[in-house]
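K.L.:
In order, the protein sequence lines correspond to chains G and V.
Add 272 to the 1-based position in the first sequence for the numbering used here, that's all there is to it.
Add 37 to the 1-based position in the second sequence for the numbering used here, that's all there is to it.
Accuracy of the hints is not assured; some may be wrong.
[Said to hold, decoys possible] Below, in silico cross-link-like pairs of lysine to any residue (SDA-like), each with a Cα-Cα straight-line distance of 20 angstroms or less:
hint : chain 1 : residue 1 : chain 2 : residue 2
1    : V       : 201       : G       : 532
2    : V       : 339       : G       : 583
3    : G       : 516       : G       : 501
4    : V       : 339       : G       : 482
5    : V       : 153       : G       : 498
6    : V       : 374       : V       : 153
7    : G       : 583       : V       : 372
8    : G       : 583       : G       : 670
9    : G       : 386       : V       : 43
In case anyone wonders, no lab produced these hints; they're calculated from the structure.
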Amino acid sequence: MEIRPILSALMRSKVSLVLIGLQIALTLAIVCNSLFIISERAALMQRPSGINEADTFTVSSIGFGEGFDDARTFAEDLAMMRSLPGVVDATTINAIPMSNGGWSEGLSLTQEQKTSTAPTAIYFVDDHGLNTLGAQLIAGRDFRPDEVSERNRTTQGWPAGVIMSRALGEKLWPGQAALGKQVYLDTEKPPVTIIGVVDRLQSPWPHSKRLAEFSILVPQQLVGDGRMRYLVRTAPGQRDALMKQIEAKLGEINHSRIVREARSIERIRGEGYSQDRAMMIILTIVIAALLIITALGIVGMASFWVTQRTKQIGTRRALGATRGMILRYFLTENFVITTLGLAIGAAMAYGFNVWLIQNYEAARLPWYYVPAGCVALWILGQLAVLGPARRASRVPPAMATRSV
Amino acid sequence: MFGYYLTLGLRSLRRHSVLTALMVFGIALGIAASMTSLTVFYLMGSDPIPWKSDRLHVVQLDNWDINEGFDPNPDILPDALTYLDATALMAASKADKQAAMYKVVLPVQPDNPEVKPFLSLARATGSDFFGLFDTPFKYGSGWDKSVDEQHGRVTVLTQPINEKLFGGADSTGKRVKFDGIEYTVVGVLDTWRPRVKYYDVSNGALNEPEEAFIPFTTAIELQMGSAGNNNCFKNSEPGWEGYLRSDCIWIQFWAQLDTPAKLADYKAFLDAYIGEQKKLGRFERPLRSKLPNVTQWLEEQKVVSSDVEIQVGLSFAFLLVCLVNTVGLLLAKFMRKSGEIGLRRALGASRGQLFLQHLVEAGVVGVTGGLVGLLLTWLGLLGVRALYSEFKAVAQLDWVMVATTLVLSIVAAMLAGLFPTWRACRVQPAAQLKTQ
Chain G
273 MEIRPILSAL MRSKVSLVLI GLQIALTLAI VCNSLFIISE RAALMQRPSG
323 INEADTFTVS SIGFGEGFDD ARTFAEDLAM MRSLPGVVDA TTINAIPMSN
373 GGWSEGLSLT QEQKTSTAPT AIYFVDDHGL NTLGAQLIAG RDFRPDEVSE
423 RNRTTQGWPA GVIMSRALGE KLWPGQAALG KQVYLDTEKP PVTIIGVVDR
473 LQSPWPHSKR LAEFSILVPQ QLVGDGRMRY LVRTAPGQRD ALMKQIEAKL
523 GEINHSRIVR EARSIERIRG EGYSQDRAMM IILTIVIAAL LIITALGIVG
573 MASFWVTQRT KQIGTRRALG ATRGMILRYF LTENFVITTL GLAIGAAMAY
623 GFNVWLIQNY EAARLPWYYV PAGCVALWIL GQLAVLGPAR RASRVPPAMA
673 TRSV
Chain V
38 MFGYYLTLGL RSLRRHSVLT ALMVFGIALG IAASMTSLTV FYLMGSDPIP
88 WKSDRLHVVQ LDNWDINEGF DPNPDILPDA LTYLDATALM AASKADKQAA
138 MYKVVLPVQP DNPEVKPFLS LARATGSDFF GLFDTPFKYG SGWDKSVDEQ
188 HGRVTVLTQP INEKLFGGAD STGKRVKFDG IEYTVVGVLD TWRPRVKYYD
238 VSNGALNEPE EAFIPFTTAI ELQMGSAGNN NCFKNSEPGW EGYLRSDCIW
288 IQFWAQLDTP AKLADYKAFL DAYIGEQKKL GRFERPLRSK LPNVTQWLEE
338 QKVVSSDVEI QVGLSFAFLL VCLVNTVGLL LAKFMRKSGE IGLRRALGAS
388 RGQLFLQHLV EAGVVGVTGG LVGLLLTWLG LLGVRALYSE FKAVAQLDWV
438 MVATTLVLSI VAAMLAGLFP TWRACRVQPA AQLKTQ
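From just these sequences and the hints, can you work out the full model?
P.N.:
Next up, the structure:
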């Protein structure tokens with residue numbers, strides 16, 4: 273192979289070599305790390321919340337003025353919603369998964385311990401909560417109607433039985449079944465018993481490192497401040513129509529309140545992950561722009577070299593080199609430059625990753641990113657140089673006899 | 038001479054229009070990417086109240102659980118105060134100005150039956166709030182201290198809600214009904230939109246200010262709970278009174294301290310206060326208090342998200358790629374002109390003159406790239422606003438950034454042009470002429 277003459281030719285234009293190599297190196301480093309960030313965000317966003325997201329929506333209201341009766345309004349609203357055709361079920365609830373606002377508590381295994389064992393999100397629901405959420409019960413049972421109580425500012429302690437997400441059970445009692453176990457939500461009060469376990473139920477804080485998957489369902493309705501939030505599950509395809517209908521009806525039932533925030537869970541998911549989505553889009557644009565710039569840069573430099581060496585190419589052709597040999601010469605040259613750039617780029621990619629790890633708690637770049645990036649850039653380089661190289665191969669042998 | 042070089046440069050650039058377009062496009066893209074991210078970074082991180090940010094201080098006291106700090110990082114103290122401490126500091130009134138505050142949700146019931154009741158976010162705070170943060174008034178003014186003492190039913194409205202309720206007219210002296218209770222409007226703020234809602238960064242540092250302000254003491258009397266964060270490390274006694282006596286934190290407290298001496302005095306006062314409270318069995322952790330100023334506070338609260346920082350880092354790496362690209366292309370271009378350069382040298386042009394001529398050519402590429410880049414930056418910021426709905430106030434072209442963009446692009450192109458120019462000037466006239 274004609275590597276030796278290529279190398280010696282490259283050594284005569286070291287600056288160009290360094291420039292293209294540097295460009296390829298930086299491109300590899302940025303593309304690998306950006307792709308890694310994108311894939312991590314995608315994985316984050318793809319985690320299931322554990323609830324039925326497609327057919328559910330939430331709506332809240334705030335009552336005002338003297339004598340607003342929370343408990344009565346709850347009963348009336350729920351009866352109205354559950355009676356509507358197309359509504360599968362409805363529940364009172366205090367917070368929505370992925371919404372970034374909610375109630376959290378610490379859980380303790382013993383009454384004596386000073387710091388809690390695990391944090392958890394608290395969802396206050398009634399006996400329709402589990403069905404409305406569509407969370408999958410894998411052990412134990414749902415709440416009975418007689419277990420649901422009211423909770424106001426003066427309420428102390430917690431109800432006897434709660435339902436827990438599986439991840440939280442595994443954190444509290446590794447390797448054991450959570451069902452039937454007891455845990456303290458308040459170490460000065462009696463413990464609560466786990467009467468059911470759901471496969472999965474995300475907390476309102478999906479980005480929290482501590483409690484994204486830790487949740488507890490508590491059979492209580494929050495009363496006393498005039499605020500109410502409902503979760504409604506509809507038959508497939510009827511969500512949006514029922515959302516409008518229920519929003520209007522809630523206003524009609526009771527005039528001394530403001531109905532608001534009727535939003536589908538899909539929209540709440542979208543808003544909860546909007547930062548990640550934005551980051552993914554921005555990085556995708558950066559990657560695309562970078563590849564275009566690098567490819568155009570290679571085309572530009574290669575064209576320049578071809579023009580500069582027209583006479584030499586003609587000479588080689590006159591001395592018997594075929595078109596294919598000329599083409600191969602430029603392709604090989606590009607391969608050599610790209611390879612040198614990629615070698616430096618691999619080091620830079622890991623360096624960039626270390627910077628991200630040290631400053632932004634990023635994860636380690638998986639090993640296959642750099643090799644995959646190298647292959648992609650080799651292909652990109654070859655494609656970019658193909659045009660100028662074909663032009664070089666068409667230089668006629670007679671060029672050797674003419675002046676440039 | 039400059040004019041002549043400019044003509045020469047333009048002519049040369051026009052001759053290789055594809056190569057020129059490539060260079061301009063490269064610089065423009067790099068500039069746009071870096072300036073878009075830098076603008077967001079700069080506006081988010083910039084001082085929202087530069088004339089007095091060093092005199093405004095957040096009060097932080099470590100009243101947290103003896104067994105477990107507020108944050109795994111021991112340097113981070115609770116980000117709000119308890120009602121007990123906030124009212125004690127208000128009563129002591131040791132700072133030049135001070136205000137306790139928290140966010141509330143108010144149902145607004147307009148008199149006009151045509152307008153449906155709506156919900157509004159309001160801030161319950163003290164009379165000093167408006168002086169602390171230099172809020173501009175369009176009509177009227179804030180309330181005075183006696184209103185705080187008497188739990189007065191008064192309110193200061195912002196422009197948006199004044200528009201909704203009174204069509205933007207001077208509403209001072211008029212009455213509004215919040216949650217069944219009438220308040221008298223004493224003032225209406227002029228447009229007040231700090232880029233960062235620095236006085237309370239919880240629940241979204243880039244949100245707009247609340248729509249109305251009511252006295253803190255009134256909100257407490259009417260038992261309005263906080264619509265912002267509420268953090269407790271142990272259970273409070275039952276009822277509203279029990280909650281007020283609890284160690285739950287939900288109140289922001291700002292103090293204006295005009296001199297370093299006053300700051301030191303206030304710090305000593307806080308530590309003495311904690312010492313007193315320790316005797317009553319509160320503040321079981323080691324004695325700690327902090328008084329970060331506005332900029333320190335925004336930094337500690339990580340208002341500039343790590344995503345934005347990563348984007349700045351990436352975009353500058355991207356700019357570097359674009360510059361390397363331009364260096365390569367300029368080099369190719371200038372080397373191609375070796376013959377012409379040799380000829381000019383032979384005809385008596387000095388190296389200095391040639392250097393200047395090619396630097397002007399590089400500069401033209403920079404200016405053009407900068408202008409196109411500015412346009413792309415504007416588009417980029419439009420995109421950022423679409424992607425991050427809450428970035429409205431921080432993804433805006435701003436004069437400092439426009440100037441920075443242009444300077445950066447020219448400097449970048451000159452830097453990129455320096456090496457190719459230097460190489461071009463080293464062309465040996467004799468050698469070049471011989472090959473012709």
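K.L.:
If a hint holds in the structure, say so; if it doesn't, say that too.
P.N.:
Evaluated hints:
1. V:201 / G:532: holds (18 angstroms)
2. V:339 / G:583: Outside the cut-off at roughly 61 angstroms; violated.
3. G:516 / G:501: holds (16 angstroms)
4. V:339 / G:482: Measuring from Cα to Cα gives roughly 19 angstroms; hence the hint holds.
5. V:153 / G:498: Roughly 18 angstroms between the alpha carbons, so the hint for residue 153 of chain V and residue 498 of chain G holds.
6. V:374 / V:153: violated (75 angstroms)
7. G:583 / V:372: With a Cα-Cα distance of about 16 angstroms, the restraint between residue 583 of chain G and residue 372 of chain V holds, given a limit of 20 angstroms.
8. G:583 / G:670: holds (9 angstroms)
9. G:386 / V:43: Given that 20 angstroms is the threshold and the Cα spacing comes to 77 angstroms, the pair is violated.
Taken one by one, the earlier hints fail for this structure at numbers 2, 6, 9, listed in ascending order.
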